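Enquirer: Sequence:
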Amino acid sequence: MKIVFIGLCFFGLYCPVFAQPTPQIQVQALDDCRTIETAFEAPLSLDSVCTAAGLLLQPGPGLLDDRPGDPRESVALLASASAANGVHALQPLSYTSPFDFHEENGRLILQEPGQPVWAYAFAPQLPEGVAEKYRRADYFHPLYDLNGRVLTDDFPKDHYHHRGLSWMWPHVRVAGQEYNLWESDGHIRQVFETWLCRETGPVAAVAGMQSTWQVQDHRVCDEKVWVRVFRSGEHGRVIDLRVVLIPREPIGLLGAANKGYGGLSLRFAPRDCTLITSPLGKEQEDSNDKLFTWTDLSARFEGADDYSGITVLQHPGNPDAPAEWCIRHYGFLGVSWPGLHPVTLQSGQPVTFRFRLWLHRGSGPKAFLSTVYHDFIQPPQIRLIKK
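Residue numbers (our numbering): 219 to 605.
No lab work stands behind these hints, which were simulated from the structure alone.
The structure displayed is predicted, hence computed values, not measured ones.
Ideal placement from N, C-alpha and C gives every residue a C-beta, glycine not left out.
Please note that a few of the clues may not be correct.
[Claimed, not checked] SDA-like cross-link-like pairs, simulated, lysine to any residue; straight-line CA separation at most 20 Å:
hint	residue 1	residue 2
1	Lys442	Pro420
2	Lys604	Thr269
3	Lys500	Leu472
4	Lys477	Glu396
5	Lys477	His379
6	Lys477	Lys604
[What the hints assert, rightly or not] Computed beta-carbon distance windows for the label pairs:
hint	residue 1	residue 2	range
7	Arg290	Cys251	25 to 33 Å
8	Leu311	Ala247	35 to 43 Å
9	Ser298	Pro497	36 to 44 Å
10	Ser300	Pro568	33 to 41 Å
11	Pro334	Leu311	41 to 49 Å
12	His377	Leu493	18 to 26 Å
13	Thr314	Asn476	48 to 56 Å
14	Lys375	Leu311	46 to 54 Å
15	Leu493	Gln567	37 to 45 Å
16	Glu411	Glu452	20 to 28 Å
17	Cys491	Asp538	18 to 26 Å
18	Glu321	Asp538	31 to 39 Å
19	Thr492	Pro345	37 to 45 Å
Given these sequences and hints, build the entire structure.
Expert: Written as structure tokens, this is what we have:
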């Protein structure tokens, strides 16, 4: 026993202390021709915020991962124009987030820094003078441009049921009965239940919400929504959205008769000089059935002299992507799924939708929209290694 004790003491006194290997990342497929700071995510596990040669990394939920249902842990990244492919050492970063969450009048409000980004209505909303059946929750309004101007509308007099950025269907069939989540028929509603997360960092702010679809007081579908807002840049702001539906019993969905609208919906605020653009160029007419990966609406909001707008991008992993678009020049963009082809969501089987919104300066998407879209559907490859 004494010999062992002496040997252990000797080892403890003279054994050298080996430094922990420095963590590194390998970056591949980063576009060398980009001219703006780009935002994307990578399936990486980190314990804290780090920097690496023009990259800023923040751990959090992976909103764009392919697994149905809840997102995996991932990393949100900002790549400056100086970031490059290769192997780079990771350095931990002490930071102050530019983002702030607070609640006001039944809404969760996100600011950056001190200027509003969006508000999410978790408590039912109903303006004075509007019929009770239109009372609703679980949607985003307002969304703001980079100058703080309101881009979305809620309870517009021409369509009281339109509500900022929302997801709603005109034909919802449960147990042989049909309901209208689109026009708030008073029988089915989206009810907020709890927060899944609220996180802020130097790269992005992330919020998660859990709601249910209720027929009377009977829960028929669970709904989980995650939204990530990347730090705004000179030209725009990236917002990623993940909507997951988990039926508690079979639910049929169908778009509006003859038109197909129903699904992700974006109603714009009053404005001047509206310009709607798709990958084919300027959209001159309203339409219901065009298949695009993205569509943009730009205009002059609140009497401004300059333009701003929102591009909505569909993820190729969405069901039946790309879905058809509902385009209205009075101020509406909708991703119509399932359109005119009814589907039945099976009990307990999650259905996941992913979208990116590019809130930008200027009239119509600029040349760098290709970078925003590419980093959404085919982001650079990031791998954690140790030296």
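Enquirer: For which of the previously enumerated hints does the structure constitute a violation, in increasing order of number?
Expert: Of the numbered hints given earlier, those the structure breaks are 1, 3, 6, 8, 9, 11, 16, 17, 19, listed in rising order.
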